[in-house]
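2 protein chains.
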Amino acid sequence: MAGRTVSNSVIRRLPRYYRFLSELRQKGTTRISSGELAAHMNLTASQIRQDLNCFGGFGQQGYGYNVDQLQYEIGRILGLDTEATAILIGAGNLGQTIATHINFKKCGFKLVAIFDQNEKIIGDTVGDLKISDMKDLSAYCRKVKPDVAIMCIPRAHAQEIVDELLACGVFGFWNFSQRDLVIEDERAHVENIRLADSLMALRYHIGK
Amino acid sequence: MAGRTVSNSVIRRLPRYYRFLSELRQKGTTRISSGELAAHMNLTASQIRQDLNCFGGFGQQGYGYNVDQLQYEIGRILGLDTEATAILIGAGNLGQTIATHINFKKCGFKLVAIFDQNEKIIGDTVGDLKISDMKDLSAYCRKVKPDVAIMCIPRAHAQEIVDELLACGVFGFWNFSQRDLVIEDERAHVENIRLADSLMALRYHIGK
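Here the protein sequences come in this chain order: G and V. Take the first sequence: its letters are residues 1 to 208, numbered as in my numbering. Take the second sequence: its letters are residues 1 to 208, numbered as in my numbering.
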C-alpha cells in the first residue's frame, strides 16, 4: 500500500475527508474544488493539495476532485475496503455501548469476540456475539490472531492485559482506559480515546 | 485565572499531567523530577519545564516537583476545583453510558439535566436525573444557563440543536456526533470525540 510513511497529521485528516465526501455523495455532489474542501476542513487549498498529493494526487487542474473517486481512494488508503478483526475486552456499560454503537464495517473492521471476567455476564449476548470468559483470551488470540483489541476495562488491569495480548501477537489497540499504556514493541499501534482528558480540556476553555 | 493564552498543545497535556500525578499520589510518591515526569509523558525534561513555566513554575532546582502541590495547581488551572454545569442532549445508548460512566465531578462538572425527543424514554431516570423533553430545552437553557452541552445525537440534527443552544447562551460543546459543527461565535468552544475517525486511523496503521 502506498503512503505508509505519511505524517500522522495527514492520516488524522483522512477520516474527516472521507466523512465529508460521504456527505457530499449523499447530497448528489459529483465534484469539488480544493478551495471548497479547504473551507469545510478549516485548511488552506494548498494544504489540501499537499495532503492528497501524498497519495498520488487525484485532482485535475481547473476541474477539482471527482467526489466518488476521491472518497473511494481515501477509503482504500485507510483500508476500509477490507475487514480487519477486532475483539472487545470488557463488556461493562462502556464496552457494550461501543460494541453496539460503532459501525465497525464502515471503519474497516469486524467485531469477532467479546471478553469479560465477570461471571454474571459471561454467556450473555451483545449484538450478535456471546461474551466469553477472559480466561480463554490467550488461547483465542493465539488461534484467531485478531488485529485489534478494544480496551474497555478499568485502568488497574489495562497494562497486564495489553502485555498478555502482545505476547499472543495482537498489536493494535483502541484504548478507552484512562491508563497510558506502555508498549515498546515497534509493531504495535495504539489509538487512545481519552474521555476525561477531553472533558478537562473543555473545563479549562470555558473558564469561570 | 492565569494562562488563558497558553497554547492548545500545552493545555492538552495538562489532564495527562494531572492524571499521572494522581497515580503518583496514590502510590505515596511525594516528589518527582522533571526527568521522571518527562520519561512517563514521552516528552523531554526541558519541554516539561517549559510547559509548567507557562503557569508560573512550581519546581525547585535540584529538588524537582512536589507531587501534591503540582497536582493541586494543575487542577486549579484546569478549573477542576469548581463545578461548571453540563447538560446531556440525547439519551440513547451512548448518551446514557456517558451520563453514568464519566466522573463529572473529577472533571470539574456537574451533570444537571438530560434531554431527549423520544417520548418513550422521557421521564425515565438515568443516574439520578430524569430525562426531559427536548421541547423544553430552550426554556431550560435560558433559565439555567448551563456551561456545556454534551451532544450525543445523530448528526442529522446536531447543527440545528447547536444553533438553538448558542441562541440561548450555551457556548461549550462536548461533541460526540460525527458532524463537524459550524460555530462562528468566538465565545464558543468545542471538544470533539470522534470515535469513527479514531478507529479509521487505527485501521490505517494496522495495514493489511
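Some hints could be false.
If several chains are the same, the list does not tell them apart, and a pair holds so long as it fits within one copy or across any two.
[To be verified] Computed list of lysine to any residue pairs in SDA-like fashion (alpha-carbon distance at most 20 angstroms, straight line):
1. Lys110 / Ala196
2. Lys208 / Asp81
3. Lys130 / Arg25
4. Lys110 / His205
5. Lys130 / Asn93
6. Lys208 / Thr82
7. Lys27 / Ser46
8. Lys145 / Ser9
9. Lys27 / Lys130
10. Lys120 / Gly35
11. Lys208 / Arg187
12. Lys143 / Lys208
No lab work stands behind these hints: they were computed from the structure.
Each hint, compared with the structure:
no., hint, verdict
1, Lys110 / Ala196, "between (27 angstroms within a copy, 13 angstroms between copies)"
2, Lys208 / Asp81, "between (47 angstroms within a copy, 11 angstroms between copies)"
3, Lys130 / Arg25, "neither (36 angstroms within a copy, 39 angstroms between copies)"
4, Lys110 / His205, "between (37 angstroms within a copy, 16 angstroms between copies)"
5, Lys130 / Asn93, "both (15 angstroms within a copy, 19 angstroms between copies)"
6, Lys208 / Thr82, "between (48 angstroms within a copy, 8 angstroms between copies)"
7, Lys27 / Ser46, "neither (25 angstroms within a copy, 50 angstroms between copies)"
8, Lys145 / Ser9, "neither (29 angstroms within a copy, 36 angstroms between copies)"
9, Lys27 / Lys130, "neither (39 angstroms within a copy, 37 angstroms between copies)"
10, Lys120 / Gly35, "neither (55 angstroms within a copy, 45 angstroms between copies)"
11, Lys208 / Arg187, "between (44 angstroms within a copy, 13 angstroms between copies)"
12, Lys143 / Lys208, "between (54 angstroms within a copy, 18 angstroms between copies)"
Hint compliance for this structure: hints 3, 7, 8, 9, 10 are not met, and every other hint is.
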